[in-house]
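A.B. asks: Read off the chains here:
Protein chains: 4
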Amino acid sequence: MDRKMNFASDYTKGAHPNIINRLNETNMLATVGYGADEICESARNRIRKACGVENAEVEFLVGGTQTNAVMIDALLQSYQGVIAAETGHIEVHEAGAIEASGHKVITLPQHLGKLLPEEVEKYLEDFFSDANYEHMVIPGAVYISQPTEYGTLYSEAELQSLRNICDKYDLALYVDGARLAYALAADENDVSLQALARLTDAFYIGGTKCGAMFGEAVVVPNSAKLKHLFTTIKQHGALLAKGRLLGIQFDELFKDDLYMKIGEPAVVAANKIRQALDEIGYRQYFTAPTNQIFIIMENSLLDKLAKEVEYGFWEKYDESHTVIRLATDWGNTKDEVDALIAVLKAVHN
Amino acid sequence: MDRKMNFASDYTKGAHPNIINRLNETNMLATVGYGADEICESARNRIRKACGVENAEVEFLVGGTQTNAVMIDALLQSYQGVIAAETGHIEVHEAGAIEASGHKVITLPQHLGKLLPEEVEKYLEDFFSDANYEHMVIPGAVYISQPTEYGTLYSEAELQSLRNICDKYDLALYVDGARLAYALAADENDVSLQALARLTDAFYIGGTKCGAMFGEAVVVPNSAKLKHLFTTIKQHGALLAKGRLLGIQFDELFKDDLYMKIGEPAVVAANKIRQALDEIGYRQYFTAPTNQIFIIMENSLLDKLAKEVEYGFWEKYDESHTVIRLATDWGNTKDEVDALIAVLKAVHN
Amino acid sequence: MDRKMNFASDYTKGAHPNIINRLNETNMLATVGYGADEICESARNRIRKACGVENAEVEFLVGGTQTNAVMIDALLQSYQGVIAAETGHIEVHEAGAIEASGHKVITLPQHLGKLLPEEVEKYLEDFFSDANYEHMVIPGAVYISQPTEYGTLYSEAELQSLRNICDKYDLALYVDGARLAYALAADENDVSLQALARLTDAFYIGGTKCGAMFGEAVVVPNSAKLKHLFTTIKQHGALLAKGRLLGIQFDELFKDDLYMKIGEPAVVAANKIRQALDEIGYRQYFTAPTNQIFIIMENSLLDKLAKEVEYGFWEKYDESHTVIRLATDWGNTKDEVDALIAVLKAVHN
Amino acid sequence: MDRKMNFASDYTKGAHPNIINRLNETNMLATVGYGADEICESARNRIRKACGVENAEVEFLVGGTQTNAVMIDALLQSYQGVIAAETGHIEVHEAGAIEASGHKVITLPQHLGKLLPEEVEKYLEDFFSDANYEHMVIPGAVYISQPTEYGTLYSEAELQSLRNICDKYDLALYVDGARLAYALAADENDVSLQALARLTDAFYIGGTKCGAMFGEAVVVPNSAKLKHLFTTIKQHGALLAKGRLLGIQFDELFKDDLYMKIGEPAVVAANKIRQALDEIGYRQYFTAPTNQIFIIMENSLLDKLAKEVEYGFWEKYDESHTVIRLATDWGNTKDEVDALIAVLKAVHN
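Chains as they are written, first to last, in our numbering: chain A, 692 to 1040; chain B, 692 to 1040; chain C, 692 to 1040; chain D, 692 to 1040.
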């Protein structure tokens, strides 16, 4: 089959070769289910070490929407809701998974996909000083994504601010790391895994978009905080019977610090594409430091581009322009990127 | 690592070689997500053909508890519950996943894991003739598993009876086929995929326990009945981003009728073990026609057996005996089975 | 006890004398429960007649939040959400009752508490033309209130537009009539009970704020649409055991068209107060045609006013001003209103 | 209207005269809503005093199913279920209200409506010693009713046993007191309000069936245990806007110990009827010490009885007999009871 080059998303391919090899090697091994096997235990220990928290609870789940639904349900009481940016994945593209477990998503304005700590604080201050606040959903957690849905990053200082605010108002802080490898590989990033472990109540390390075939690793730094998380996972239909499949993938991703480097090709590619876009004369909607690229395209050029490249529609810009998104990934080669740039040049002229 | 032989369950291994090979071949292919790719479409068509229903809706999910929760939620209105045997997987071992989406599991007595059609009918007759029935959960679906949690089988005549009863009282009939390949391979089985498609509102074809790495294929014969099933799947966190991983597995399982044969080694092995147990002098709790074997063991023998074989605890039988379960699977070899029988002999003497 | 005059809300008092009298008369009568008694049947028939729909289903519930939660749950499938103005009661002041039954509230901008039909249509058009809409909560109903939380009114033409849009996109239209009596008594209102019955899938006639001790009457014009609504009510804990208490109240409210007139004293009072505010020199935030009055008060005057009158805080206007709300009700007398106006004069000077 | 005498249930009438009088007196009083008024505060204090717990949280709700749903939701984490007798009201006659908030009802055998402490303990011991217990719903609370649905009573010693078991396994103990006044008035009862406050995590004092027009009073002895119960009540649609209506009723019920005596007429009546049944020659299904009477009637007599008396169907006994239930209430007079006995005599002959 002759295929167009595909920059539509970062989950179009299978898995990193190390993972495929290990899946092959272990295929006929018979192990106990549900993550109780020794490969899962090895993977957990590697992650604990990478996060610098010896006793962290680490659980493996299959996908991102699932992980968000499980963890937010686990972190909240039934009368609580979760604060998110209006562009947060849980608000927009999870088909109401949070509400389906009974919790409201409380939205605040987004700033290139980010919550502003001061706006979170203002909201909480106003909320709890409202004489009738007990008639409303009590905010119980803050949800952010790192990188955000716009590819932007929180700084460690911003995370620290959110942590302080959460402490002040007794909220949990939860980070969706679906694309975390691309944050870790970005030049401007100053938030390490250890910082996430220090500053959050729970976060997840994305596998699906970051070199795994599928899978996400949840980290709960203070494991005493969430009782019976295993049962919550099972109740959400999120417990993989052959848990070792996830163990294998994260064991490989955290062997020799692979996860710290796996996002680099994507970020290098994205930076190169962003520079080429400037040089060619494209307008970028904004520039993010990770693996997503947003271009304001003249509508007349869209079909021409679509003949050669799979890309993502982002939003209508104005009557004659559209914002499109290109996403690079861990598996992109120099040749692919050069080919894309050549097409972008040809389309522009 | 030197491992004990493992007959603890039928989900201890990876995937059938055809599947592993195809995953290897397609690994770096970039495809669209969420099951919209051509491999998924091919798999869907193979399944539709095997079921004899050209327009069936076929959806791929990751695991069994998840599939049950999604489908029962999709089949019920919010005021309805689902009838199940008191030993049904949804009642016992799914951590309340059905209740978590708001639905009661209404239990009826089990008979080696099966519901008796006449008992279902009696329940429904009594229910709807109760003057106060509207104060109670309205039964909206019947859940059965084929084979059951006890490895037993419904006959086509029994399924037809359940269908008639469901029609009479306007209930949906749903079949959990987590181990369906072992039913299809059993000598006494007379329920074909076509019969399931003709007699049920929805059923799933189990992959995880039947040769896939993971995954279950839901079949909704009359696709007009369930609107927006895709969104329900997404809402439950059950939509796999790289949907093609599931497509690949079911495309292989339904190529050249592999699924119809894949359970045979397990059933042959189980039959051989059951015969050997009789010959050696073990008492079987009951004999099922599929891949599960239930032995009433003297407690004094359990440790001896455990040194050589991983088995499953089923239930306490009396003060001095325990029921254990052995499960064979699609990947068992003659050598493994002979080795197990040798151990069973040695333990008994 | 010497009390301040109370204009804080329209549910500060008990019930209209006719209701109290009937409760007294019937107190020791023994009747069947759950609304199956003849008084409830009489009330249902009076309401059906007033709405011009002979076969409407009419159910009595206890309070507004409860009624909204029950009806929206009944109108939606599990994968659907409900559209509401960002100021809608279900979005803000119901503690997440809608989400607790699994449904997202999808908010659109408010215009003095109202949804604009064209904005609803634009939202639905964009939604269903989004290639990924099945990843999002499917809109299944539109929630509006008449009068709105701001005391404003939809015209019959606007309701007709919303009806048409709902038909086009297969949504239900639901109207929260917590204060419906004050709409029916307003000069500018052109939406009759018959129009509500013709244009909506369900609406409720508010009792609690409109002369009843408590209670709301749900009207489902096409009763075939909602099966087992009784069971849904019971499941929400919303079925009053002594249903006749509600029947008595609505039987009285719909005897001799009382409900059509019961809001008049409140509207007359509110109009008089609004005129007085203009004359005294107060700034009104906006003027609504029903029983709510919104004043932009200098903060320095608030304490002075609070000494004499219970009023409601609405929102901060700017650093030195606050919007307060006064609500009149069915029980206000000319003397009370004159006394309030005298205080408002005194405070202003 | 000429009415049959009505012994079908204990919620057929309005309210005790003291309550009706107070509702009349206070009708046009304007008070703040949602239970923040001074009458509610007075009622709360009377209840705290009667229970001997100065700082108990007391909340007023409208009905029993609602109260059970709210409190069980408040007491459980999302992964937990509630243990109940198979005849418990929450299991049978609440239309799935517990499951609708996501929680499984875990049923154990009933013994005339009661749980046996030793069976609860055995269940918990087995549960937590099951290696796979985390795949199942974790029991988080025990639900009992006092009196039970069969009119039977727990002794203080039995309650103490349940308390000890709950402490051992970290479960909450919750008591449904829908008919509590009839327990308090029964000769054999040794469980005081103070004992309930000492031994439970929460219980409710039934009003609807015990002399109130409607309403139940929840008592949480250790108020620190349940945070934001008010919001949970609101979220369930269970917060009465005119909260004072409930305050008035419980203020009257706990003035001069009325509630301690209000059940007496019912128990006296029931005892007299039970004695008469024996004398006449009726077979009683069993005899309970409170206000419910269960008779095994020949089917041929049912119509004859139905001409004179409203009674409740309980269950089919055998082909030719039916168990019926008669319930007495706080409002029964000696004349009514004598009239009933006369009819029972006439029917029997």
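Just so you know, these hints were derived from the structure itself, not from any lab.
Since this is a predicted model, take the numbers as computed values, not measurements.
Every residue, glycine too, gets a C-beta built ideally from N, C-alpha and C.
Any given hint could turn out to be false.
With a Cα cut of at most 27 Å, we get these calculated DSS-like pairs of lysine-lysine [what the hints assert, rightly or not]:
| no. | chain 1 | residue 1 | chain 2 | residue 2 |
| --- | --- | --- | --- | --- |
| 1 | D | 859 | A | 918 |
| 2 | A | 695 | D | 916 |
| 3 | C | 918 | B | 918 |
| 4 | B | 963 | B | 998 |
| 5 | D | 1007 | A | 916 |
| 6 | A | 918 | D | 813 |
| 7 | D | 916 | A | 916 |
| 8 | B | 859 | D | 1007 |
| 9 | B | 946 | B | 740 |
| 10 | B | 813 | C | 1007 |
| 11 | D | 1007 | A | 813 |
| 12 | A | 813 | C | 1007 |
From chain D, some residues computed to sit far from chain A (all C-beta separations above 12 Å) [said to hold, decoys possible]:
| no. | residue |
| --- | --- |
| 13 | 764 |
| 14 | 814 |
| 15 | 817 |
| 16 | 861 |
| 17 | 915 |
| 18 | 918 |
| 19 | 970 |
A.B. asks: So, for every hint listed, does it hold in this structure?
C.D. replies: Quick rundown of the hints versus the structure:
At most 27 Å may separate the alpha-carbon atoms for a hinted pair to count; residue 859 of chain D and residue 918 of chain A meet this at roughly 17 Å. Using a Cα cut-off of 27 Å, the hinted pair residue 695 of chain A and residue 916 of chain D is violated, with the two alpha carbons roughly 60 Å apart. Simply put, residue 918 of chain C and residue 918 of chain B have alpha-carbon atoms about 18 Å apart, close enough for the 27 Å limit, and the pair holds. Restraint check: the Cα-Cα separation between residue 963 of chain B and residue 998 of chain B comes to about 22 Å, which is no more than 27 Å; the hinted pair holds.
A distance of roughly 51 Å separates the Cα atoms of residue 1007 of chain D and residue 916 of chain A; the hinted pair therefore is violated under the 27 Å criterion. Between residue 918 of chain A and residue 813 of chain D, the direct Cα distance comes to roughly 23 Å. Compliance with the 27 Å bound is thereby established for this hinted pair. Proposed proximity of residue 916 of chain D and residue 916 of chain A is supported: the alpha carbons are some 17 Å apart, at most 27 Å. As the CA atoms of residue 859 of chain B and residue 1007 of chain D are separated by approximately 24 Å, the hinted pair is consistent with the 27 Å bound.
Distance hint between residue 946 of chain B and residue 740 of chain B is fulfilled; the C-alpha atoms sit about 11 Å from each other, no more than 27 Å. Between residue 813 of chain B and residue 1007 of chain C the alpha-carbon distance is near 63 Å, which puts this suggested pair outside the 27 Å criterion. For the proposed pair residue 1007 of chain D and residue 813 of chain A, the alpha carbon gap of about 63 Å is over 27 Å, so the pair is violated. Between residue 813 of chain A and residue 1007 of chain C the alpha-carbon distance is near 14 Å, which keeps this suggested pair within the 27 Å criterion.
For residue 764 of chain D, the non-interface assignment is contradicted: its Cβ lies about 6 Å from the closest Cβ of chain A, within the 12 Å cut-off. Non-interface call for residue 814 of chain D relative to chain A: holds, since the shortest CB-CB distance, roughly 17 Å, exceeds 12 Å. A cut-off of 12 Å between C-beta atoms confirms that residue 817 of chain D is not in contact with chain A; the least separation is 17 Å. In this structure residue 861 of chain D is not separated from chain A by more than 12 Å, as the shortest Cβ-Cβ distance comes to only about 10 Å.
Under the 12 Å C-beta cut-off, the non-interface status given to residue 915 of chain D relative to chain A holds; the minimum distance is some 14 Å. With a minimum CB-CB distance of about 7 Å to chain A, residue 918 of chain D fails to clear the 12 Å threshold, and the non-interface call is violated. Against the 12 Å criterion, residue 970 of chain D stays outside the reach of chain A, whose nearest CB is about 53 Å from its own CB.
This entry does not satisfy hints 2, 5, 10, 11, 13, 16 and 18, going by the numbered hints stated previously.
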